[in-house]
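Protein chains in written order, with this note's numbering: chain A, 1 to 74; chain B, 1 to 172.
Worth flagging that the hints you see were computed from the coordinates, not collected in a lab.
None of the values given here were measured: they were computed from a predicted structure.
Just so you know, even glycine gets a beta-carbon here, dropped at the ideal spot from N, CA and C.
One should not assume that every hint holds.
Said to hold, decoys possible - Over the 10 angstroms line for every Cβ pair with chain B, so calculated as not near, a few chain A residues:
(1) K4
(2) V22
(3) R24
(4) D25
(5) R27
(6) C33
(7) H39
(8) A45
(9) S54
(10) S58
(11) L68
As the list claims (entries may be wrong) - Label-pair distances were calculated between CB atoms; the ranges are:
(12) C33(A) - G125(B): 24 to 32 angstroms
(13) G42(B) - T19(A): 24 to 32 angstroms
(14) E8(A) - L30(B): 38 to 46 angstroms
(15) R105(B) - G73(A): 33 to 41 angstroms
(16) E87(B) - D21(A): 31 to 39 angstroms
(17) E70(A) - I139(B): 43 to 51 angstroms
(18) E62(A) - Q91(B): 24 to 32 angstroms
(19) N69(A) - N17(B): 18 to 26 angstroms
(20) L30(B) - V22(A): 38 to 46 angstroms
(21) P20(A) - M1(B): 34 to 42 angstroms
(22) C3(A) - K168(B): 20 to 28 angstroms
(23) G31(A) - G140(B): 37 to 45 angstroms
Spelled out from the first residue to the last, the chains are:
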Amino acid sequence: MNCKEALEHLYEFLDKELTPDVERDVRNHLGACRPCGEHFDFEEAFLRFLQARSRARSAPPELKRRILNELFGE
Amino acid sequence: MVHLDALHRVASRLTGNAADADDLVQETMLKAYRAWDQYQRGTNAKGWLLTILRHSFINEYRRRSRHPETVDLDAIEPFAIFDGVQEEDPQGKFFDQIVDDEVLRAIDRLPEQFREAVVLSDVEGMSYEEIARILDVPIGTVKSRLFRARKMLQAKLYEYAVSMGYIKGSHA
Numbered sequence: 001m002n003c004k005e006a007l008e009h010l011y012e013f014l015d016k017e018l019t020p021d022v023e024r025d026v027r028n029h030l031g032a033c034r035p036c037g038e039h040f041d042f043e044e045a046f047l048r049f050l051q052a053r054s055r056a057r058s059a060p061p062e063l064k065r066r067i068l069n070e071l072f073g074e
Numbered sequence: 001m002v003h004l005d006a007l008h009r010v011a012s013r014l015t016g017n018a019a020d021a022d023d024l025v026q027e028t029m030l031k032a033y034r035a036w037d038q039y040q041r042g043t044n045a046k047g048w049l050l051t052i053l054r055h056s057f058i059n060e061y062r063r064r065s066r067h068p069e070t071v072d073l074d075a076i077e078p079f080a081i082f083d084g085v086q087e088e089d090p091q092g093k094f095f096d097q098i099v100d101d102e103v104l105r106a107i108d109r110l111p112e113q114f115r116e117a118v119v120l121s122d123v124e125g126m127s128y129e130e131i132a133r134i135l136d137v138p139i140g141t142v143k144s145r146l147f148r149a150r151k152m153l154q155a156k157l158y159e160y161a162v163s164m165g166y167i168k169g170s171h172a
């Protein structure tokens, strides 16, 4: 696998959506190619950051009360 | 109501405002409760709920959703931010200085098709297959929307980080 092919699988690799064969090929390439390894690490850090920042909030407690009341109340 | 937080996060990003998000979640829960006999046990409950939520959004809220002007899709070249930062900050540490609100604002500015893909994947951690089912599109479409959406978000947040002085940036 060359750099271009590896990059085409970037997000599928990080999202763990590749078949085991292709995933292994990408992993082998990343082990052998430092620039691609760094690029993938950067993208992985970006996705982790995105998740951490966007998953932080929970639903307001009054909404939960409202729904429970609507479903089972009165 | 284990999935309430997830429903609320998705509803907030779809509607773009807190009051509509609350109403949309409430409506989704009521519809789900009434349609409970249609839910197939053992299948993905979160996916089922999100499908109901999305249909309600499209049918009743989309028209009046108050999203800020979205970015012009064609104006964004999906160039790799990495090329511009690999000298200065190859590990992307500058991202860590960007706060929640700024990230949510950037997500809210994505065109709807891209926003829902990124919310289901990066916010809710769903698989391509689950996302394809909820959005009713082929998996290839999910992949390409996610690719574009993430590149757009990167470009937006990178631009913001440069404007705040978190990173010098290179104008390649």
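Hints, one by one, checked against the model:
1. K4: Nearest chain B Cβ is 13 angstroms from K4(A), so the label holds.
2. V22: 14 angstroms, holds
3. R24: For R24(A), whose nearest Cβ neighbour in chain B is about 19 angstroms away, the distance exceeds 10 angstroms, so it holds.
4. D25: Fine: 18 angstroms to the nearest Cβ keeps D25(A) off the interface.
5. R27: 19 angstroms, holds
6. C33: 14 angstroms, holds
7. H39: With a cut-off of 10 angstroms, H39(A) comes too close to chain B, as the shortest Cβ separation is near 5 angstroms.
8. A45: Its Cβ does come within 10 angstroms of chain B, the nearest being 4 angstroms, so this is violated.
9. S54: Check fails; 5 angstroms does not lie beyond 10 angstroms.
10. S58: 4 angstroms, violated
11. L68: 8 angstroms, violated
12. C33(A) - G125(B): 24 to 32 angstroms: The hint (24 to 32 angstroms, Cβ to Cβ) holds, given that C33(A) and G125(B) are roughly 28 angstroms apart.
13. G42(B) - T19(A): 24 to 32 angstroms: With Cβ atoms ~25 angstroms apart, the hint holds.
14. E8(A) - L30(B): 38 to 46 angstroms: Given about 44 angstroms between the Cβ atoms, the range holds.
15. R105(B) - G73(A): 33 to 41 angstroms: 36 angstroms, holds
16. E87(B) - D21(A): 31 to 39 angstroms: 35 angstroms, holds
17. E70(A) - I139(B): 43 to 51 angstroms: For E70(A) and I139(B) the Cβ distance comes to about 36 angstroms; the hint is violated.
18. E62(A) - Q91(B): 24 to 32 angstroms: Check failed, 41 angstroms falls outside 24 to 32 angstroms.
19. N69(A) - N17(B): 18 to 26 angstroms: Holds - the Cβ-Cβ distance for N69(A) and N17(B), about 22 angstroms, lies within 18 to 26 angstroms.
20. L30(B) - V22(A): 38 to 46 angstroms: Check passed, 44 angstroms falls within 38 to 46 angstroms.
21. P20(A) - M1(B): 34 to 42 angstroms: For P20(A) and M1(B) the Cβ distance comes to about 37 angstroms; the hint holds.
22. C3(A) - K168(B): 20 to 28 angstroms: Roughly 26 angstroms apart at Cβ, these two residues keep to the hinted range, so it holds.
23. G31(A) - G140(B): 37 to 45 angstroms: For G140(B) against G31(A), whose Cβ atoms are near 28 angstroms apart, the range 37 to 45 angstroms is violated.
Figure legend: structure checked against the earlier numbered hints; hints not met, in rising order: 7, 8, 9, 10, 11, 17, 18, 23.
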